[in-house]
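> Sequence:
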Amino acid sequence: MALRSLLRSTVYHTEKISQRLRFASQSADLPVLLGISFPKSGTHLLDQILLGFSNVAPFSKRLHSFYAEYEGESGKKRSPEQAVSWLNSLSSCDIASAHLFARPEAVARVCSPKFVPYFIFRDPRDVAVSHVFYVTDMEARHVHHDYYQSLPDFNARLNVSILGRPDLDVEFPDIAARFAPYLGWLERDEVLTIHFEDLINDRAAALTRIMDHLLARVPLHASRQLILDSLEASINPRRSPTFRSGKTGEWKKHFTEGHKHLFKEVAGELLVKLGYEKNNNW
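Under the numbering used here, the first residue of the sequence shown carries the number 61, and numbering increases by one thereafter.
No lab work stands behind these hints: they were computed from the structure.
Since this is a predicted model, take the numbers as computed values, not measurements.
Please note: incorrect hints may appear among the correct ones.
When the alpha-carbon atoms are kept at most 27 Å apart in a straight line, the in silico BS3-like pairs for lysine-lysine are as follows [said to hold, decoys possible]: (1) Lys-333 / Lys-307; (2) Lys-338 / Lys-313; (3) Lys-174 / Lys-121; (4) Lys-338 / Lys-324; (5) Lys-320 / Lys-338; (6) Lys-137 / Lys-333; (7) Lys-338 / Lys-312; (8) Lys-136 / Lys-121; (9) Lys-320 / Lys-307; (10) Lys-313 / Lys-324; (11) Lys-324 / Lys-312; (12) Lys-333 / Lys-312; (13) Lys-307 / Lys-324.
Each pair of labels, with its calculated beta carbon distance range [claimed, not checked]: (14) Ser-134 / Arg-248: 37 to 45 Å; (15) Ala-62 / Gln-142: 18 to 26 Å; (16) Ser-87 / Pro-140: 29 to 37 Å; (17) Arg-201 / Asp-249: 22 to 30 Å; (18) Ser-139 / Arg-248: 17 to 25 Å; (19) Glu-247 / Glu-292: 26 to 34 Å; (20) Pro-233 / Ile-77: 40 to 48 Å; (21) Arg-284 / Ser-152: 20 to 28 Å.
Idealized CB from N, CA, C, for every residue including glycine.
Put together the whole structure using the sequences plus the hints.
Right, here's the structure in full:
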């Protein structure tokens, strides 16, 4: 493991040097591109898009690293200090990805000139459905995998993805409580908020917003069309290890009236706040 880490680090830094040479006329003192995401909301899609900037500027050609607030196998919650330490490890021209809470310490760093941050989220109903498939079928090492496998059917698993497991020592609250620590990103002008659905249904406009968010901070030595083409060309769902369907509104195929009732109880207000519904009459 140590050797693999060393090799990865060596390749990463070698590529960064190569990028600086490739774009010698462009300043290499560029901010970190940081993709923040709520889990199961298009993390890998945003990663690919941000990496597209490496084709037109001296940004890194691969992710520096990925940070999550919970350890996948144990479910253990990481400390605020660990998040800050990870953010401090990033440097100019890095591209990084994170399931990162909007704690004051993290917000202070992410909303500084060192970063150009993006926050992607998705209809929480689709998140709940995607979570069931991911935990049950795609990630056998997940802390909740065995429990989901023990449940009798998809409906029972979806109940858990909506309501969480409050009886456990490992933290897994309901869907609204899981989203709550991310809400602070919506309130910061420095952070571009992206609906996953826009990248599926109106990609050209969404990519333009992503490009303009960077160009407002950093002028790149490339035409707007070349930048947009680079971002579009970088998208490849087959390279996403957790990509399943990439569709929107899939929850309508899976939610029973019972699921709708549960969701409205715990997360109806969240849907309105995020703009997915105007009220609970859905």
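> Each hint: holds or not?
Consistency of the hints with the structure:
{"no.": "1", "hint": "Lys-333 / Lys-307", "verdict": "22 Å, holds"}
{"no.": "2", "hint": "Lys-338 / Lys-313", "verdict": "21 Å, holds"}
{"no.": "3", "hint": "Lys-174 / Lys-121", "verdict": "19 Å, holds"}
{"no.": "4", "hint": "Lys-338 / Lys-324", "verdict": "12 Å, holds"}
{"no.": "5", "hint": "Lys-320 / Lys-338", "verdict": "15 Å, holds"}
{"no.": "6", "hint": "Lys-137 / Lys-333", "verdict": "26 Å, holds"}
{"no.": "7", "hint": "Lys-338 / Lys-312", "verdict": "17 Å, holds"}
{"no.": "8", "hint": "Lys-136 / Lys-121", "verdict": "31 Å, violated"}
{"no.": "9", "hint": "Lys-320 / Lys-307", "verdict": "20 Å, holds"}
{"no.": "10", "hint": "Lys-313 / Lys-324", "verdict": "17 Å, holds"}
{"no.": "11", "hint": "Lys-324 / Lys-312", "verdict": "14 Å, holds"}
{"no.": "12", "hint": "Lys-333 / Lys-312", "verdict": "20 Å, holds"}
{"no.": "13", "hint": "Lys-307 / Lys-324", "verdict": "22 Å, holds"}
{"no.": "14", "hint": "Ser-134 / Arg-248: 37 to 45 Å", "verdict": "31 Å, violated"}
{"no.": "15", "hint": "Ala-62 / Gln-142: 18 to 26 Å", "verdict": "20 Å, holds"}
{"no.": "16", "hint": "Ser-87 / Pro-140: 29 to 37 Å", "verdict": "33 Å, holds"}
{"no.": "17", "hint": "Arg-201 / Asp-249: 22 to 30 Å", "verdict": "38 Å, violated"}
{"no.": "18", "hint": "Ser-139 / Arg-248: 17 to 25 Å", "verdict": "22 Å, holds"}
{"no.": "19", "hint": "Glu-247 / Glu-292: 26 to 34 Å", "verdict": "30 Å, holds"}
{"no.": "20", "hint": "Pro-233 / Ile-77: 40 to 48 Å", "verdict": "44 Å, holds"}
{"no.": "21", "hint": "Arg-284 / Ser-152: 20 to 28 Å", "verdict": "23 Å, holds"}
Hints 8, 14, 17 from the earlier list are contradicted by this structure; the remaining hints agree with it.
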